[in-house]
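Asker: Turn these sequences into a full structure, and let the hints steer you where they fit.
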Amino acid sequence: MSTTDPDCLFCKIVSGEVPAEIVRDGERVLAFRDINPQAPTHVLVIPREHHPDAVSAAGAGTGLVDEVVREAHSIAEDEGVASTGYRMVFNTGSGAGQTVFHLHCHLLGGRGLEWPPG
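All you need for this note's numbering is the position in the sequence shown, starting with 1, plus 28.
Source of the hints: derived by calculation from the structure; they are not laboratory data. Please note that the accuracy of each hint is not assured.
[What the hints assert, rightly or not] Restraint-style ranges between C-beta atoms, simulated for each label pair:
1. 111 <-> 47: 30 to 36 Å
2. 35 <-> 112: 37 to 43 Å
3. 87 <-> 113: 18 to 24 Å
Backbone N, C-alpha and C fix where the C-beta goes; we use that ideal spot for every residue, glycine too.
Answerer: So this is what it looks like as C-alpha cells:
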C-alpha cells in the first residue's frame with residue numbers, strides 16, 4: 029500500500045502543503061485542530077501514513093491504531109479534558125459521516141457529550 033495519496037487532504041497536511049493548527053507532531057502521528065470544531069476541544073489525530081480508515085490501518089498489524097489512541101489520550105490530558113471525560117470517534121464510510129478517507133480520530137471534549145450522538 030502507498031504511504032501517501034496525492035489527492036488526500038490529510039496527506040497534504042502531513043506534507044505541509046496545506047496549513048493546519050498543529051497540536052502534536054510525532055514520528056508516526058500528527059494532530060491538529062478541526063477547522064469546524066464541535067466541542068471546545070476538537071482535535072484530529074491522524075497517522076502520517078495513508079490508510080483510508082481505522083479498519084485498514086488495524087489490518088496492517090503495525091500498532092498504528094493503538095498509537096493514534098494513545099496520542100489522543102495524551103492530548104486529552106494536555107487539553108485538560110481527560111479527567112472530566114472525552115470522546116474518540118472513528119467514522120468509517122460516507123454513511124457514518126467520513127468525508128476525508130484517511131484514518132482520523134476525532135478527539136472531542138470540554139462540554140457535555142450526550143448519547144446517542146446526532
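Asker: Does the Cβ-Cβ separation between residue 87 and residue 113 fall within 18 to 24 Å?
Answerer: Between residue 87 and residue 113, where Cβ atoms are some 30 Å apart, the hint is violated.
Asker: Residue 35 and residue 112, beta-carbon distance inside 37 to 43 Å?
Answerer: Given about 38 Å between the Cβ atoms, the range holds.
Asker: Kindly confirm whether 30 to 36 Å is satisfied by the beta carbon distance between residue 111 and residue 47.
Answerer: holds (32 Å)
Hint 3 from the list above is the single one not met by this structure.
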